[in-house]
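Between the sequences and the hints, there should be enough to build the whole structure, so can you do that?
Chains as they are written, first to last, in my numbering: chain F, 1 to 656; chain S, 1 to 72.
Misleading hints may appear alongside valid ones.
As the list claims (entries may be wrong) - Here are the simulated lysine to aspartate or glutamate pairs, EDC-like style, with alpha carbons at most 16 Å apart: (1) Lys-5/F <-> Glu-34/F; (2) Lys-46/S <-> Asp-137/F; (3) Lys-173/F <-> Glu-66/S; (4) Lys-48/S <-> Glu-128/F; (5) Lys-408/F <-> Glu-511/F; (6) Lys-126/F <-> Glu-149/F; (7) Lys-46/S <-> Glu-128/F; (8) Lys-408/F <-> Asp-260/F; (9) Lys-639/F <-> Asp-439/F; (10) Lys-213/F <-> Glu-594/F; (11) Lys-185/F <-> Glu-604/F; (12) Lys-35/S <-> Glu-604/F; (13) Lys-113/F <-> Glu-124/F; (14) Lys-126/F <-> Glu-41/S; (15) Lys-39/S <-> Glu-149/F; (16) Lys-593/F <-> Asp-211/F; (17) Lys-475/F <-> Asp-439/F; (18) Lys-173/F <-> Asp-60/S; (19) Lys-8/S <-> Glu-21/S; (20) Lys-113/F <-> Glu-149/F.
Hints are computed from structural coordinates only; laboratory data are not their basis.
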Amino acid sequence: MAEEKQAKSIDQATLEMLAKASEEGISTAFERAEKMKPCPIGADGSCCKNCAMGPCRIPLAKGKQETPEEHAKRVGVCGATAETVAARNFVRMIAAGSASHGDHGRRVVEAFKLMAEGKTKDFEIKDEQKLLKLALDLGVEIGNRSNNEIALDIAKICEKEFGKQEGELIFIKNAPLKRQEIWRKLGVVPRGIDREIVELMHRTHMGVDQDYKNLMLQGTKAALADGWGGSMISTEIQDCMFGTPTPTLSEINLGVLKEDHVNIIVHGHEPALAEMLAVETQDPELINYARSKGAKGLQLVGMCCTANEVMMRHGVPIGGNYLQQELAIITGAVEAMVVDVQCIMQGLQEVARCFHTKLIATDNRSKITGAEYMAFDEHQPRESAKAIIRAAIDNYPNRAASKVRIPKVKTPLIAGFSHETINYLLGGLFRASYRPLNDNIINGRIRGLAGVVGCNNARTTHDSAHVLMIKELLKNDVLVLSTGCAAMAAAKVGLMVPEAAKEFCGPGLAEVCETVGIPPVLHMGACIDNSRILIAATAVVKDGGLGDDISDLPAAGAAPEWMSEKAIAIGQYFVASGVYTVFGTTWPTTGSKEFTEYLFEGMEEMYGGKWAFEPDPVKAAQLMIAHIDKKRKALGIDKARERVLYDMAMRRELEG
Amino acid sequence: MAYKTVKKDAPGRGKVDILAETYESGRPEGEGAGKWRQKLESRDEKMKYLQTGERYWYSDDWFGSEKRKKPA
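As structure tokens, this is what we get:
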């Protein structure tokens with residue numbers, strides 16, 4: 001029987017643009033993934049290319065049980081076992097993921113410091129309260145000092161977090177107390193962000209660490225240096241400079257592009273440039289300039305995680321998630337795609353060459369052959385943004401009307417559910433609290449919490465796993481917190497508006513969402529903002545009644561369409577924080593059963609959280625629900641108990 | 001922010017001032033909709049909110065479920 005062809009996407013706009021790409025003979029990631037199958041040895045983590053005696057390929061034979069003798073023969077030239085090879089590959093993914101978030105954080109701190117020193121006039125403290133919160137976290141004196149004086153001290157301390165050689169990362173102390181004890185006991189509290197990543201790379205060099213458990217201890221340190229370090233620093237400083245997200249209404253999908261406007265797409269991860277573009281695209285002088293070229297105005301559209309950043313803070317519409325980046329250009333209506341770092345496909349340049357679109361790289365760490373380079377200067381961010389916008393406007397007359405086709409598909413969404421906003425929404429200014437959430441988890445209206453995050457992956461039907469998983473969770477009264485491209489997938493099918501609760505949720509969750517007025521899937525930001533989920537989970541613990549650690553909570557995490565190394569780093573910091581974490585699509589350590597079993601079972605004894613792999617999103621959701629139920633049982637809240645108001649007769653009966 | 005108060009009868013104490021509603025009336029519209037953090041204006045208000053709203057981290061009087069004799 002012929003193998004059934006997998007659908008490319010569940011999203012109408014995506015399918016429409018893929019059809020256009022096919023008509024016009026344009027290559028996309030979808031088509032390339034179909035033509036080129038993944039390397040089966042690399043996919044299992046069974047290829048070691050850490051020295052020039054290799055690459056050594058030691059694949060596990062499929063479809064039969066391996067004997068101990070066969071297993072013993074599966075070693076590299078140096079004698080590295082399948083366990084060591086799989087573990088080295090896995091922790092190198094953690095190192096790369098943590099480095100990415102860490103370097104993002106470093107750039108944000110650098111811009112923050114420039115602002116505090118008065119060396120850039122275009123950035124300012126937008127959220128003084130977050131500044132004060134950080135001052136308390138970091139032990140910075142507040143008194144009557146100016147915001148910039150406080151900010152400068154904060155910047156200096158955060159800067160040191162990257163290069164610190166000993167002690168503990170400061171934000172570790174934001175975790176539940178019991179969690180901190182677990183980390184200290186296991187010796188996995190990160191000393192400094194860079195140090196843990198460098199040590200991890202050293203340990204995976206030829207001839208160093210050859211014990212997969214020991215490798216994973218350092219892998220965990222590097223991952224925690226991401227979640228409770230680089231990522232958390234990024235989120236907090238970004239909130240200070242650009243504002244802590246609050247509920248914001250916007251729209252998502254390729255239909256947000258406007259046929260009669262100059263369309264500028266900002267794509268990548270770091271929000272400084274996007275913030276300035278959001279401000280400058282409102283400049284009347286630039287709007288008039290666009291009109292002088294025949295356009296009706298300027299339309300800024302976000303793509304990938306940068307989109308999440310500017311949408312949550314400015315309501316800038318989102319063009320789409322990771323797998324839609326090439327498709328946005330294929331609409332023929334994009335004058336400029338402005339990119340910075342992470343998740344930017346090199347294929348964009350080839351697609352842009354088929355149209356008038358300018359691909360503009362802005363970061364010296366991420367140049368693209370053939371693309372125009374216009375440096376984003378953090379000393380003069382406004383001028384940089386203006387220059388980029390002008391270049392886009394100048395390109396508008398080059399647009400060929402015959403090549404333009406914008407799918408008429410877009411969906412409204414409400415985002416901006418930072419930890420601070422959830423806390424406020426549940427209690428207001430006077431009683432800000434997670435208490436109502438905890439009470440509703442305890443009484444069973446909400447069965448549990450799930451974090452569904454992560455990328456898209458061209459090896460699986462675009463958006464499908466995200467949406468199927470989230471719908472299954474909602475149906476079972478599980479409140480979903482989401483970030484990154486997963487959040488965008490949910491938004492595109494209408495799960496991020498309050499009215500979705502009635503249609504998609506079980507009765508308990510629907511009732512809570514209706515009462516509070518929130519969507520059943522809470523958009524918490526970009527992938528860097530998974531640190532917000534850590535803080536939200538900690539807030540649930542601290543509010544009480546659901547155990548005294550994250551691992552006690554009826555909660556689980558998932559990345560059903562993961563793709564990047566950052567996802568592995570995120571997964572590991574969630575597991576090490578006590579969360580049961582299910583990944584879909586593929587699993588990169590199956591070349592070693594022993595190491596995989598350690599990740600899937602052994603980790604639970606250490607951290608209370610563990611990994612799981614399940615490519616079927618509905619089955620994966622059921623695994624998460626089963627875990628949530630297990631935790632509910634352990635907490636003694638597995639049976640729903642409605643509160644009963646006792647009248648005097650009932651009281652007398654009790655006393656009797 | 002300025003808080004509204006209303007007068008109510010209190011048994012044995014006559015009319016007393018109590019805190020009135022703190023929500024904004026009507027349907028929020030425009031750019032300011034949902035921007036709750038701007039409601040806190042002075043630094044003192046913001047510090048006070050941190051000690052109450054984020055009490056488990058920033059108040060010495062609250063530990064939530066983690067109250068323990070010895071700090072971790």
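Of the numbered hints stated earlier in the document, which are not met by this structure?
Failing hints, ascending: 5, 12, 15, 17.
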